[in-house]
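Read top to bottom, the protein sequences are chains A and B. Residue numbers for the first sequence follow my numbering, beginning at -11 and rising by one. Residue numbers for the second sequence follow my numbering, beginning at 4 and rising by one.
Calculated from the structure, these hints are not laboratory results. Note that the coordinates shown come from a computational prediction; the quantities given were computed from them, not determined experimentally. All C-beta atoms, glycine included, are put in the ideal place defined by N, C-alpha and C. Fair warning: there could be bad hints in the mix.
Said to hold, decoys possible - Here are the simulated DMTMM-like pairs of lysine to aspartate or glutamate, each with C-alpha atoms no more than 20 Å apart in a straight line:
#1 B/K59 to A/E84
#2 B/K28 to A/E(-4)
#3 A/K13 to A/D(-1)
#4 B/K94 to A/E22
#5 B/K10 to B/E37
#6 B/K9 to A/D37
#7 A/K(-6) to B/E76
#8 B/K86 to A/E34
#9 A/K13 to B/E76
#10 B/K92 to A/D(-1)
#11 A/K77 to A/D37
#12 A/K13 to B/D14
#13 B/K10 to A/E(-4)
#14 A/K(-5) to B/E76
#15 B/K84 to A/E84
#16 B/K9 to A/E59
#17 B/K86 to A/E22
#18 B/K94 to A/E42
#19 A/K(-5) to B/D14
#20 B/K28 to A/D(-1)
#21 B/K9 to A/E22
#22 A/K(-6) to B/E37
#23 B/K84 to A/E42
#24 B/K28 to A/D37
#25 A/K13 to B/D36
#26 A/K13 to B/E73
Stated by the list, open to error - DEER-style ranges, computed between Cβ atoms:
#27 B/P29 to A/K(-5): 10 to 20 Å
#28 B/A18 to A/T50: 38 to 48 Å
#29 B/R24 to A/V67: 28 to 38 Å
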Amino acid sequence: MSTITKKELIDRIAGCTHTRPGVVKPVVQSFLNEIVRELVKGNRLEFRDFGVFETRIRPARTARNPKTLEEVQVRQTRVVRFKMGRLMKQRLSTAEPQVPS
Amino acid sequence: MSTTTKKELIDRIAATTKTRRAVVKPVIQMFLDEMVRELANGHRLEFRDFGVFETKRRAARRAQNPKTLEPVEVSARRVVKFKMGRLVKQKLNGRRP
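With the rest of the complex left out, here is chain B (with noise of 0.2 Å):
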């Protein structure tokens, strides 16, 4: 397995929709950018046929550092779950969407 960069995600974009890489980056750096942004204001996010992005609360726990068994305290904090589309589903198991 492979993995795959921005940069390379980048070029062959610029290739396909020829539009030039300085124009590329930004839109793509701000597109994250915002996914973090709306995330973290606790929207949820939704693509058609990619997937949704959405927040979810973890309550706080006791865990144990699986070393020296010591018990840590875990606040609560919030975990981001992708949930992929019903087209991405289809590809990854080989059937035609």
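Okay, chain A solo, but in the shape it has when bound (with noise of 0.2 Å):
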């Protein structure tokens, strides 16, 4: 599975979209920003056909450290959950990529 960076995309959108990358990569990284400071503020973010954005809390556990054995207490954590919207539940629908990667 081959990883896709952002850079990639922002050559790829300032291609299409006729905008100058220079241009692309602040908006870009704004919208990263955004999205982290509206879910630090407890709110959720919807894209229509792309997914939810939405933090919830993991209540504290006791974990085992897998190698040592011991109990760990772990403390009540915050994190982001992702939910995928319409559009890519379908384009994800077969159980195998459609271009192999």
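Grab the two chains, each in its own frame, and use the hints to assemble them into the complex.
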């Protein structure tokens, strides 16, 4: 499974929208920063077709270090949950990727 | 918990980056569309500090309609998994990044 980076997407968007990468880059970065900021504030973000980001509280629990089998107390944490949207679901409905990676 | 929409974010991004909304909007839309496309193609997306998106295969299983208790066959499918980055984790838990 190959990894696509932000830079590759930025270059592609710049090419398709006829916008300089120097303009696209801060816009994309600001988008990611704003998502984080909203999640920190406890807000939920919904992007039609793409999906929903929201935070959940994961309760404190007792875990075990798998190596030493020692019990460890894990504090309550807030985690991000992503739920895929309609289009994403449709496009991923096949069990295997359409294009071999 | 209130829901923030794409439009609100676009307005805010336009203001902070001093870029026209007519430029911001297609860029953000294409960013989201490209992410869907790459995930559908079986690729993994990594945005430093933000997090990683990847797909996982779910095996076919037999489920049950909780209302009618009728068994339903659920075919194998892929789901998107998002793993938040280190910075997000720290920010969400009130620790200094």
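Quick rundown of the hints versus the structure:
Only pairs whose Cα atoms come within 20 Å are accepted, and B/K59 paired with A/E84 is accepted, the gap being roughly 10 Å. For the hint linking B/K28 to A/E(-4), the alpha-carbon distance of about 19 Å falls within 20 Å, and the restraint holds. The straight-line distance between the Cα atoms of A/K13 and A/D(-1) is roughly 9 Å, inside the 20 Å bound, and the hint therefore holds. A threshold of 20 Å between alpha carbons decides the hint, and for B/K94 with A/E22 the separation of about 13 Å falls inside it, so the pair holds.
Pair hint B/K10 plus B/E37 holds up; C-alpha atoms about 19 Å apart against a cutoff of 20 Å. Restraint check: the Cα-Cα separation between B/K9 and A/D37 comes to about 12 Å, which is no more than 20 Å; the hinted pair holds. The straight-line distance between the Cα atoms of A/K(-6) and B/E76 is roughly 38 Å, outside the 20 Å bound, and the hint therefore fails. Taken as a hint, the B/K86 and A/E34 pair is honoured in the structure, with Cα atoms around 17 Å apart against an allowance of 20 Å.
A hinted pair counts as satisfied when its Cα atoms are at most 20 Å apart, and A/K13 with B/E76 does not qualify at roughly 44 Å. Between the alpha carbons of B/K92 and A/D(-1) the distance comes to roughly 28 Å, so the proposed pair goes past 20 Å and is violated. Between the alpha carbons of A/K77 and A/D37 the distance comes to roughly 9 Å, so the proposed pair stays at or under 20 Å and holds. A distance of roughly 17 Å separates the Cα atoms of A/K13 and B/D14; the hinted pair therefore holds under the 20 Å criterion.
Note on B/K10 and A/E(-4): the hinted pairing is violated, with a Cα-Cα distance of about 25 Å set against a maximum of 20 Å. Restraint check: the Cα-Cα separation between A/K(-5) and B/E76 comes to about 41 Å, which exceeds 20 Å; the hinted pair is violated. Our distance criterion of 20 Å between C-alpha atoms is met by B/K84 and A/E84, whose separation comes to about 16 Å. Of the pairs offered as hints, the one joining B/K9 and A/E59 is violated, with about 43 Å between alpha carbons and a cut-off of 20 Å exceeded.
With a CA separation close to 17 Å, the supplied pair B/K86 and A/E22 stays within the 20 Å bound. At most 20 Å may separate the alpha-carbon atoms for a hinted pair to count; B/K94 and A/E42 meet this at roughly 14 Å. Taken as a hint, the A/K(-5) and B/D14 pair is broken in the structure, with Cα atoms around 23 Å apart against an allowance of 20 Å. In summary, the hint linking B/K28 to A/D(-1) is supported, as the alpha carbons are separated by about 16 Å, within the 20 Å threshold.
A C-alpha spacing of about 11 Å is found between B/K9 and A/E22, which places the hinted pair at or below 20 Å, so the restraint holds. As the CA atoms of A/K(-6) and B/E37 are separated by approximately 11 Å, the hinted pair is consistent with the 20 Å bound. With a CA separation close to 13 Å, the supplied pair B/K84 and A/E42 stays within the 20 Å bound. For the hint linking B/K28 to A/D37, the alpha-carbon distance of about 16 Å falls within 20 Å, and the restraint holds.
Annotation: proposed proximity of A/K13 to B/D36 holds, straight-line Cα distance about 16 Å (limit 20 Å). Distance hint between A/K13 and B/E73 is unfulfilled; the C-alpha atoms sit about 51 Å from each other, more than 20 Å. Between B/P29 and A/K(-5) the beta carbons are some 19 Å apart, a value that agrees with the proposed interval 10 to 20 Å. Separation of B/A18 from A/T50 is about 46 Å and conforms to the stated range, judged on CB atoms against 38 to 48 Å.
A hinted range of 28 to 38 Å for the beta carbons of B/R24 and A/V67 is consistent with their spacing of about 33 Å.
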